[in-house]
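Chemist: These protein sequences, in sequence, are chains A and B. If you read the first sequence in this note's numbering, its first letter stands for residue 1, the second for the next number, and so on. If you read the second sequence in this note's numbering, its first letter stands for residue 1, the second for the next number, and so on.
No lab work stands behind these hints, which were simulated from the structure alone. If you're wondering where the values come from, they're calculated on a predicted model, not measured in any experiment. Keep in mind that the hints are not guaranteed to be accurate.
[Said to hold, decoys possible] Capping the alpha-carbon separation at 20 Å, the derived lysine to aspartate or glutamate pairs in EDC-like fashion look like this:
1. Lys-79/A x Glu-130/A
2. Lys-130/B x Glu-81/A
3. Lys-130/B x Asp-53/A
4. Lys-130/B x Asp-125/A
5. Lys-73/A x Glu-130/A
6. Lys-95/A x Asp-79/B
7. Lys-45/B x Glu-46/A
8. Lys-95/A x Glu-101/B
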Amino acid sequence: MGDDGQMILLSALVACLCLFGVIACVAAVDGVSYGESGRLSDDGMENVRWAQDHALQRAAFYNSAYPWEGRVKAALRFKSEANSSLDSLAGELLKHGLVYRFSFNDSLAGDYAASHPGNGTVNIDGVLVEPSGGSARICGCAFDVFAYDGVTTYRACRVATFI
Amino acid sequence: MARPHDDGAVHMLEAIMASVLVVAALVYVNTSASLPEHDHPDDLKVLSADVLNVLQYRANSLEHPGLGFALSSPGQWHDSSGALGADIGHMLPGGVYYYFETPYGGLGQKPADGMEVFSRPFVACGGDGKMLDCRMVLWRA
């Protein structure tokens, strides 16, 4: 074969190698997207929300037997237990590269109590308490949540009510 | 010394071989881009999200325990995981298998090393208020 011909063949081989390289890179990036990164963009926040609400409901259930006069103590105990659970949630999520922050929102709970005065609901530092047969029942709370997985940011500001 | 028209024929042959190589590479790119849908782990991702949502939010009963109830204590996991596993098996299409990893123990069939799986980490609130780090793995036989 002539020199020109060999050059053409060599160029074709190099072009093929380049194409295979590009394919390998695309395949590698594609594979990474099915790993654990990007948990929020991967329907993962639904599970975080469920675990968070479960922890709040649990703390409300265990602190709803105080007398009405002890409602402040009930609200503070609820906050303490909820914060402990949600700190544990933040710790577990951080192991998977997800930053999670939770804080009670006093002003949102105040607005909610003012607009739903029917059951005698009062706001105690972000916690909604209502009288129920002489007891103080933790019936909800207002909070802010921030989460970030390195790609997607999630923010929520909401009132959760417990049945 | 080769005659001019012989050189031309050789160059033509070389150019044809080069074209065949490039076309072969392009065909490979095209086939790898359009894999059949069932070979893509994307559907396992959607399936795992659906299964987890059902287990999280369904009404709890002893025959069909919810995930939160089943993970409320090691003893409850021991009692409820069998019923939970049977329900998960009914939710999955044929040929798809599951494995749950929890601090209280595993559930389902563990995939062999090197198999293509979709792994979904999740958290659950335990009975003492502490969070449990768990994982659902879906895989095809």
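Chemist: Against each hint, give a clear statement of whether it holds in the structure.
Modeler: Hint-by-hint comparison with the structure:
Proposed proximity of Lys-79/A and Glu-130/A is supported: the alpha carbons are some 16 Å apart, at most 20 Å. For a cut-off of 20 Å, the pair hint linking Lys-130/B to Glu-81/A stands: about 10 Å separates their Cα positions. Of the pairs offered as hints, the one joining Lys-130/B and Asp-53/A holds, with about 13 Å between alpha carbons and a cut-off of 20 Å not exceeded. In summary, the hint linking Lys-130/B to Asp-125/A is not supported, as the alpha carbons are separated by about 24 Å, beyond the 20 Å threshold.
At most 20 Å may separate the alpha-carbon atoms for a hinted pair to count; Lys-73/A and Glu-130/A meet this at roughly 14 Å. Only pairs whose Cα atoms come within 20 Å are accepted, and Lys-95/A paired with Asp-79/B is rejected, the gap being roughly 29 Å. Distance check on the hinted pair: Lys-45/B and Glu-46/A sit about 14 Å apart at the alpha-carbon level, within 20 Å; holds. Taken as a hint, the Lys-95/A and Glu-101/B pair is honoured in the structure, with Cα atoms around 16 Å apart against an allowance of 20 Å.
Comparing the model with each earlier hint shows violations of hints 4 and 6; every other hint is respected.
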